[in-house]
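The primary structure of each chain is shown beneath.
Protein chains: 4
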Amino acid sequence: MTKTPAELEAELENLLQEVFEADTEEYHKRGFKRRVGYGTRPAIIHIDMAKAWTQPGHQFSCSNMETIIPACQDLNEAARAKGVPIIYTTTAYEVRDAMLPSDMGLWSQKIPVETLDPNSEAVEIDDRIAPQEGELVITKKRASAFPGTNLQQFLTVNRIDTVIVTGVTAAGCVRHTVEDAIAEGFRPIVVREAVGDRVPGVVSWNLFDMDSKFGDVEPLENVVRYLNELPDFAETTPTPAVPIAAPSLV
Amino acid sequence: MTKTPAELEAELENLLQEVFEADTEEYHKRGFKRRVGYGTRPAIIHIDMAKAWTQPGHQFSCSNMETIIPACQDLNEAARAKGVPIIYTTTAYEVRDAMLPSDMGLWSQKIPVETLDPNSEAVEIDDRIAPQEGELVITKKRASAFPGTNLQQFLTVNRIDTVIVTGVTAAGCVRHTVEDAIAEGFRPIVVREAVGDRVPGVVSWNLFDMDSKFGDVEPLENVVRYLNELPDFAETTPTPAVPIAAPSLV
Amino acid sequence: MTKTPAELEAELENLLQEVFEADTEEYHKRGFKRRVGYGTRPAIIHIDMAKAWTQPGHQFSCSNMETIIPACQDLNEAARAKGVPIIYTTTAYEVRDAMLPSDMGLWSQKIPVETLDPNSEAVEIDDRIAPQEGELVITKKRASAFPGTNLQQFLTVNRIDTVIVTGVTAAGCVRHTVEDAIAEGFRPIVVREAVGDRVPGVVSWNLFDMDSKFGDVEPLENVVRYLNELPDFAETTPTPAVPIAAPSLV
Amino acid sequence: MTKTPAELEAELENLLQEVFEADTEEYHKRGFKRRVGYGTRPAIIHIDMAKAWTQPGHQFSCSNMETIIPACQDLNEAARAKGVPIIYTTTAYEVRDAMLPSDMGLWSQKIPVETLDPNSEAVEIDDRIAPQEGELVITKKRASAFPGTNLQQFLTVNRIDTVIVTGVTAAGCVRHTVEDAIAEGFRPIVVREAVGDRVPGVVSWNLFDMDSKFGDVEPLENVVRYLNELPDFAETTPTPAVPIAAPSLV
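Protein chains in written order, with my numbering: chain A, 9 to 258; chain B, 9 to 258; chain C, 9 to 258; chain D, 9 to 258.
Everything labelled a hint here was simulated from the structure, so no lab data went into it. Please note: incorrect hints may appear among the correct ones.
Copies of the same chain look alike in the list, so a pair counts if it works inside one copy or between any two.
[Stated by the list, open to error] Below 20 Å or equal to it, Euclidean Cα-Cα: the simulated EDC-like pairs (lysine to aspartate or glutamate) are: (1) K59 - E19; (2) K11 - E141; (3) K11 - E34; (4) K37 - D82; (5) K90 - D105; (6) K59 - E143; (7) K11 - E29; (8) K41 - E122; (9) K59 - D135; (10) K11 - E21; (11) K11 - D105; (12) K41 - D105; (13) K11 - E85; (14) K37 - E122; (15) K59 - D134; (16) K59 - D125.
Isolated chain A, as found in the complex:
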């Protein structure tokens, strides 16, 4: 008797929790899976929350938007109240014929990026979390939002020390962006409820890997409380790189 997809996924998630516990024990023994903690001058980065990813019917459509979209809305509300910068990314390509000199790079040979037309609605940010004036929308060409865009320049010059990351996908653009963020000197906080993907398992194991090595995976509630307790952005100064205690709210 074969399992249904739902049964398979439930069985996997249960077993993964068991494995994550065992792995965490080993990581802690070795000094891995430390807390990078929150800094004092954050920005929000919503990765690829555009319609091709947030709405059904596209090859890029992701699951769980009924949770992810409200989580992003909560974050935006809290961030805007303090003047914390909000950045959105999307992914699109001018030349989508791989036989011509194209800006798709080699990625079209792994995934269907030829469907991402910059002049289509599909690559616009979802209306439910529409950018307001002064909020940057960055069109990227690869998984990470860092190389090949002006994200790093924006973060550095505005002396951001913490990036609060949401979006899709966990296994792709979110993870690669988080890996680059800590490498470039920004504390990555990944909002657990605000990250999605397309197939069973990948959200769980990528959150686990990110939390083990690259950033802190935090519940939405903590992140919103952190934003609420911040002074106005204009009055913040960044935390120097020396170790800080993880905030008590974790």
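Once you've looked at the hints, dock chains B, C and D against the given chain A.
The following block gives chains B, C and D in isolation, referenced to the frame of chain A:
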């Protein structure tokens, strides 16, 4: 009755195979998990095959070296016979006190990079795959071998089109390097038997994710055959970016 | 009796030629000012040939467009005949109030980038050299067209080995792009008649410096002949990095 | 009657001053040549002050070391008193045969980088400004100290906002580093007396260009006074990106 670690790992690997099959079916339906294929002018990149990772007793020690080291040896032999460039990375930090201005970045707040002294044996490439004269050893500061090193310059100027990647760890430096490689325009070939990590599960799910979106995971046998069938490196020219059929040996 | 501006400039240009000769002699003695030469798979990059720079009346307006524009037209015609990729850059900023978190970086504290509105005609490529379909237009935020854009990815994945550079300004975006091009592994050819700036002297001394250390400054005639003698782009393969003799037409 | 080299240089420097005045007037009219100003959390970067550049007899030897070295010594003394980080760069290549896959990139086809052996004394920092423990020495492969090195990561994570730049050469590595510094979000202060080159004219026109567009060229006296008036580095916080008035000491 609790499972032993070996039982837990076996159960996980079995279930993951089932999940990967279901996920692959969904990915194929959507046009993901395509083959990037081999190009015609490769380089080998061994990620962090230094003693802290390849030998027991260090916080960074990885498993499965009895398979990984011979796989790397086979690749080196085949590559050297054709003059294919071999590059090694290691990771080390000059200032390992996080209270001082340090080159550890924020990474010491997630993992124990303060143990990686550039003047210690621990960060030297394992003697069993010792670099020969003219083979580059790059000391990096982050997971990826790309940003912050001269790897990309070396690959671009030498017109490399394919990077054959081995080493550790699957969830860290190998994956981040593979993600960057395809983004920068190099076909990543990940050698299945030559990649390792520290805790159960992570090698499997990271190989699955890499193969789904960023590079082709290939058995050692195929990669060695590919190298054996290459002309001498000096006579190769790179493959242009247009789609090529995956080689028949896959 | 004071000199007129024209007299001052003429005197300067005469003296600079004398100095360049003396400097070149010293450079040659030391092995500097070699020829990087033309490769075999080029792209054209027109730097900031948008209306704010190419037309009068803007703070960014540049001189000598009566020579530069026809030179760019000649290059485009020769390039298009062979399918050689043509890339245009422009510079523009979403948030032009330096008191807000802005994408101008610190550059607005040196030069008037707050005048470069992405929704204005000023930042559109000059109609006389209008991009055709499939030709990339890259909006950059800094002097160089490389970091923070997808230029390098495009060049690498399309296996370009030579970048033919035109545009403005000699002391700013052209020079910085040329410096990065050779560093990243692309042979820079700067087209003498197709480069401009705003004030006396700077075109001459920046061409001299670029030619001494970063790329070859070549007359338009040679570059057009080189393009005319190329096979169709689709049939070219890039030159490996080993030294090649400068082409006889130099 | 031919001019002696000294006569030619004197004539050039006089005329350049006249031209710089006229150019500055035009720049000011257009809103160029603003002051980026000093921030509040600096680092010192000495570019290529290694023996091949600082001592006679090498193809890379530079002039005016009798002024440049003492200026660097003064800066180091003032910086060390406050714990301000000091970074040194040098340039060297592992594989110096351009016929082999080499880390020289294309640069060996313009300038004699094949003379820069990483195991030679020539690429060691000059003893008169020898690095102390904890001061980083970065070996770079190109003109700029930024791409391809860990400089940016170090500056970002340590929340540096200002880079005080010295060294050689004005037309090469110093200028390219300054161009990148402002682009990446760091206020460049170029120390007039501490920058050199090899042939007449290039120091003057490159200082002029840098000051016009990329950073502030400041007399040593001002920079030392700025360092003396800083609090201890550990007590500084970086200046946000909003415009600040140039300090009164300018």
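> Okay, which hints does this one fail, numbers in order?
Replying inline: As far as the earlier hints go, 1, 2, 4, 11, 13 are violated by this structure, in ascending order.
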